[in-house]
Amino acid sequence: MTVHVYPKDRGKGRGSAPNQQQVVATATAPVATLGAPGQGWGEYASGQFGGMSAAQRAAFSAFQNSNPLPASTPAFTPSTTPRPTLPRLPGLGATGGGSGVSETAASANNFPYTNAADTRDFLDKERIRFADEDSKAGALRDLQKYYMSGGYRQGGDELMAQLAQMGVTQAGDVNAAYDRSTANFDDAYGTAGKVAATGFDALNKYLTENPNNPYAGFNAQAGVASNPMQDYLARYGVGDRGGDVAAQVAMEQSQNQAGADNYNNLAALLSGNAQQGDRSRMAEMQMAQQLSGLNLGSDLAGFKSGSANARASALAEIANNTASGRFQLQESQNTIAEQLRQQILAAGGDLQGGTSVVQSPRRAGPVAPVATPVAPVATPVAPVATPVARVATPVARVATAKVTKGAKAMGKTAGPGKHWEKSPKGKWIAVANKKGAK
Amino acid sequence: MAFDPSLYEARRRKLQQNFSSQAGTNAFANTLSQQRSSRALYDMNKQFDAAAPRVVAGFGQRNLVGPNVKSGAFAKAMREFSKNRIAQTEDARRDIASTNTEYQAGLRRDTDFYNQDLKDNEMDKTRQIADDARQLLALRAGR
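Top to bottom, those sequences are chains A and B.
FYI, the numbering for the first sequence is 1321 to 1758, going by this note's numbering.
FYI, the numbering for the second sequence is 29 to 171, going by this note's numbering.
In short, the hints are calculated from the structure, not lab data.
Errors might be hidden in some of the hints.
Simulated coverage check for chain A against chain B, where a stretch passes if three residues somewhere in it have a Cβ under 8 Å from a Cβ of chain B [as the list claims (entries may be wrong)]: (1) 1468-1479; (2) 1485-1494; (3) 1532-1538; (4) 1546-1559; (5) 1563-1569; (6) 1576-1589; (7) 1614-1625.
Using C-beta positions, here's what the derived DEER-type ranges look like [unchecked claim]: (8) A/Leu-1586 <-> B/Val-97: 52 to 58 Å; (9) A/Gln-1541 <-> B/Arg-41: 32 to 38 Å; (10) A/Asp-1551 <-> B/Leu-60: 41 to 47 Å; (11) A/Asp-1581 <-> B/Ala-78: 32 to 38 Å; (12) B/Ala-166 <-> A/Gln-1482: 19 to 25 Å.
Ideal placement from N, C-alpha and C gives every residue a C-beta, glycine not left out.
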């Protein structure tokens, strides 16, 4: 921590900007950090304690809000580690190494606290208040950033991606199973067709090689009628008067022929019937073979149709499950978004990144950009790059206020190695700077 | 039902046995019938041969036939005798031929039935194969 003491003829007006060349005394205390940018010191810079003019405050604010990093510096990513707390302000009490501004000097300049203990308490309270406000503002800012960047959707989006991938995988499995079943159907159809064809081929061969015509070659022969007494009659000189005997023989021959013809006609009828039966059987076999092929084809089509229907049902179920899962995830994300909106609004923020919460000027910068939720992260930079300026601001502001008020009251400088302080009796006295102070 | 060709082979054997048995029985019966008919015909001709001299002798005792004797009654009687013998002989022959033809026709009819039964058996077997092919397809399809 560094406290600057300026010459007597400097700082005629309130809030004079510090000038390193004109510093006549500086007290430095071993302060590790004085907090990250925007931890509330803008309250002082804003002139709450009457330290700076409007122009000085604007310059100071611009300085604090400026980005000391080059334009090409990568975007700043907020750290998730807890921000450093504002340390106690040394130099204003018994334990500090400050300028030792007297209580008299403070009261003479309308500083509300007339002793170091009250001032320290005041500063501690202010530090706590600023830290609390900054913490709330930071939390709100993080909440708004989380909401606007859609970070809360990340888990759900990943689940949706997994859900979609699961759907694709499951659909692929279903299609693969369908392809396998279809190939199996075709293979089984080929095998069954070969089996059936083997049977019908054998039957065709059997029927062809065994025509059924048992009456083929059946021919009834008519017996030849004769007269066995012809020689006997000739021996006794008996002639065939009137041809009676010959007529008898002819009649018998006729009967023999008629009987044979009847049998032959019957055989021809039976033979034709048998041959017709053979042709009918061959046709029957051909119809059965055709029907067998139709049955196999019909079965194959039915199996394929059933498999296709099963695949369609499975794919529809997968699609339904995926859609249902996406709906539930979307619903959850909507719920989370609504909760975030409620929390942001309850914390005094708006949904565009703005806020009504009191923040230090350093805070106002990072939160403001709305259109690019990610970009604001780049602005709250240089927390370490400007330690002197920030260190000088709060403590030096108090000390300088006392010294300046003392110098103003006396109308002259305290002298080399000295500074003005107000005595307990309310008089301004020149007091030697403490050892080590510049 | 899985394909079992032994069932059809058994049926085929049964058909063959029935046909063979029936055909053998018929053939034996036909043979016996032919023997009886031929014996009857032989006996009948033998009787006619024996009767003819007695007819001539009867006309000779009445001097209606003899050396230098030719009566009209004898000639007429002999022609009637011949016609009667011709008629009875041809009837016997036709009976024998009819019996034999009937047997032949019966054998061919039985053969026809036998062949039809064999083909029915083959048809049934082929249908069973076709049905098994359908079941094979169904099994492969997981139905």
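Evaluation of the provided hints:
{"no.": "1", "hint": "1468-1479", "verdict": "violated (count 0)"}
{"no.": "2", "hint": "1485-1494", "verdict": "violated (count 0)"}
{"no.": "3", "hint": "1532-1538", "verdict": "holds (count 4)"}
{"no.": "4", "hint": "1546-1559", "verdict": "holds (count 11)"}
{"no.": "5", "hint": "1563-1569", "verdict": "holds (count 4)"}
{"no.": "6", "hint": "1576-1589", "verdict": "holds (count 6)"}
{"no.": "7", "hint": "1614-1625", "verdict": "holds (count 5)"}
{"no.": "8", "hint": "A/Leu-1586 <-> B/Val-97: 52 to 58 Å", "verdict": "holds (54 Å)"}
{"no.": "9", "hint": "A/Gln-1541 <-> B/Arg-41: 32 to 38 Å", "verdict": "holds (36 Å)"}
{"no.": "10", "hint": "A/Asp-1551 <-> B/Leu-60: 41 to 47 Å", "verdict": "violated (33 Å)"}
{"no.": "11", "hint": "A/Asp-1581 <-> B/Ala-78: 32 to 38 Å", "verdict": "holds (36 Å)"}
{"no.": "12", "hint": "B/Ala-166 <-> A/Gln-1482: 19 to 25 Å", "verdict": "violated (40 Å)"}
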